[in-house]
Amino acid sequence: MSLLEVRNLRTVFHTEREQIHAVDGVSFDVDAGEAVGLVGESGSGKSVTARSVLGLVDEPGEVESGSIQFRGDELTDGHWESHRGDLAIVFQDPGSALNPTYTIGNQIREALRIHQGLRGKEARSRAVELLEAVGIPDPSSRVDEYPHQLSGGMQQRAVIAAALACDPDLLVCDEPTTGLDVTIQAQILDLLNRLRREEDLAILLITHDMGVIEETTDRVNVVYAGEVVERAPTKELFDDPAHPYTQALLNSIPGRTPPNERLPTIDGEVPTPTGSAEDCRFAPRCPEAGPDCLADPPDHVSVGTEDVHHTAACLLYDDRYTIESEQL
Amino acid sequence: MTISNPSSRIRGPEQSNNDVFLSVRDLRMYYEDNSLLNQSPPVRAVDGVNLDIYEGETLALVGESGSGKTTLGRTILGLNEATGGTVQTDGRDVTELSGVQKRRWQREAGMVFQDPEESLNQRLTVGEIIAEPLEAHDWPTVTAATPNGSVTGDVEPATDRTPDIHVDTAGATLTASVRDRFPLTSEDVTLEADGDTVEVRVEKSQAAMREQRVRSLLDRVGLQEAHFYRYPHQFSGGQRQRVGIARSLALEPRFLVLDEPVSALDVSVQARIINLLEDIQAELGLTYLFIAHDLSVVRHIADRVAVMYLGMIVETGPTGQVFNDPAHPYTLSLLSAIPGSGSPWDGPRITLRGTPPNPRDPPTGCPFATRCPAKIRPDSYDLPEETWRAIDELRVVFRTRARAETGATNRIRSLLDLPVDSAALSETREGVFGDIQLPQGVATVVEEAFDLARMGDDAGAAERLRKAFGSRCDEEHPESRDGLRTNRCLRREPQYENTQSTIAQREGEG
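So the protein lines, in turn, are chains U and A. Using the numbering used here, read the first sequence as starting at 1 and increasing by one per residue. Using the numbering used here, read the second sequence as starting at 1 and increasing by one per residue.
Chain U on its own, in the form it takes in the complex (with noise of 0.2 Å):
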């Protein structure tokens, strides 16, 4: 049993004009210990999935069906509460996160009261460990400080470290490095591998950036318009992406393409998910689309050797079709 299960989780937005499908059926397994990674473009629901595996998403929004499982229970029928504390979220931006009236060490203790019930010295010096832990310098003085007294990273481990005071079997992190400096961004990194080593806490990676991707996680969903439509082990999905928006993803990052060349793109906008897809939402954009792409949903098939579990969502893997395409 995977630590975290999610299944054909549906998250729709009900607007004036439309119904939004801003997570559509999307399934995947965080296990014990392990760090997973979202990955897709703004507006591929990517956000939403985590706000909704916490049971952050508020109206207009609902989590209309799927399943969430944590541990075996399911969230969903109201089992939030009672595994408050077991999964825990950093959010993109480190300012907007902590409150500026506040000192550091308050909001850390306030934490570790809530879930750890420690009060007074206890938990002052439990925030300083906390701090300590992240890789906050002279972290007894600093605890006394305020938010806007600490830079951009340090806002960022202090968040990670108010995160962990709950003791979380699973941190969700939000684009956690974006906005911050690469120097910054590879300290951030350093810490939450660190802290899968030392404490066995599986991560939630969701960021629209490869590269904090490949040196993050074992194991990659790519999301696009609500949907999934990769999952791979990281490295074979580097190796060897399969499905057409997965390879024009990575070939768009300038450096896989040599500087006197044109970069490759995908034309068109990623669209608005609104209904049940009844096609492929990538085929209007897709360089490889025939006609039956626009005809049936795809479904994951693999495209992985046996033992590796790699699937795609394209019908150009699927033997019941067969797509003709000049590229293939």
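Treat the hints loosely; a few may be bogus.
What the hints assert, rightly or not - Derived coverage of chain U by chain A (criterion: at least 3 residues anywhere in the stretch with Cβ under 8 Å from a Cβ of chain A; other residues may be distant):
1) 187-195
2) 201-212
3) 246-259
No lab work stands behind these hints, which were simulated from the structure alone. Just so it is clear, CB atoms sit at the ideal spot from N, CA and C, and this is done for glycine as well.
Guided by the hints, dock chain A onto chain U, whose structure is given.
Relative to the frame of chain U, chain A by itself:
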């Protein structure tokens, strides 16, 4: 929305024979906030920059946030007033310009901003946004020239730029030709000779010319005719950035400062904007100063790279050389921090400790010395790398404490000559040194520093450590020498081992 005619790129020179377009010398830009109550020293955002930008190249400016990249770009454009130094182009110092001269420079040089959402006025249509600079600069003032004689009428005589209308007097009839990309045709022009003088009449209003200019710009950046009347909020991020680019091109600049133009965009959109910028540069022969922190983008787009740290340029060179053979420890640290397979450095990952020093109070000597993984060590001690790093870290802690406002109780205690928060200091000692065994001589100095800190003199404690364990790096910051490849690290001197092997060795040890 791909560009139909992918023109081949003009790559800037690896070994430049091109002319220098712009030459920055000892440029300084300090932010002062001298209010009555605040007497703190100025923020040295740009602190003695020397830099040449060659005609037609893309020079990338990289560095962490707060290193002064944007301020440098803005100061070159005259949007910030320089505190000192010069920016020479076309034989004049643009930091000294005012009035008409300054406005002319601001037509020649434009800027594209990072966040198109914030930089576009939400209440104006796209057509109005792009036309704004045209109106502000009363564009166009039509210029004309004729080979042997003068011009009158609706036009100004051409001076330094290519004339908009060229009047050919060969033969009996006068013929007018209009330069490329100018919103007029020869049918809009009537000519009449009066001796050597040609009277030129333009039958098209300024407003009509502006509108045509805006429409051609929309087309140039890959937007559609119909977008003219739309508002920024109706566009995606990539389209908004295209509007920003169109606006920056409106006055036909020769030079653009691109301030993180693709940082806020998704990777697939980013690729399209990068291609657009490269096409425009090739077509119009523009010179780019490309400010970025994403090094894989820089590697793709730039001909040369300048690396900035704490208001100073620490290394410059052709892109390939800087990426494959970085000379300055800071450059190497930046490259090694690129996540995933994008990093050209295959040695162990260098994780820089801490953050850059405060630009109000930059360290003496090399600005990077407080975090440098290749810092030169004094000969007087032979210590393991781990111990050196702990000592450096302790010094940073003391410096930070000296700058930070200490709590009220601590201030009172130090006024009363009572020891300061000694429990916290012991924790600091434990945190920094852990179970590192210090040799006798070192331990004595460290104890002296802690004694000073206990009496509230954190600055003195930091100074004690610097005196004992500092090196040339804490005293000197060598100037950059002229040339395409510059490096302000002392390790360029022959008696020192070079940066790369030093780091490879130390990281292996540490």
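Hints, one by one, checked against the model:
With 3 residues carrying a beta carbon less than 8 Å from a beta carbon of chain A, the segment 187-195 of chain U meets the three-residue requirement, and the given coverage holds. A count of 5 residues in the segment 201-212 of chain U with a Cβ less than 8 Å from any Cβ of chain A is obtained; the coverage claim is therefore met, three being the minimum. By the rule of at least three residues with a Cβ nearer than 8 Å to a Cβ of chain A, the coverage given for the segment 246-259 of chain U holds, with 8 such residues.
Consistency with the previously given hints is maintained throughout, with no hint failing.
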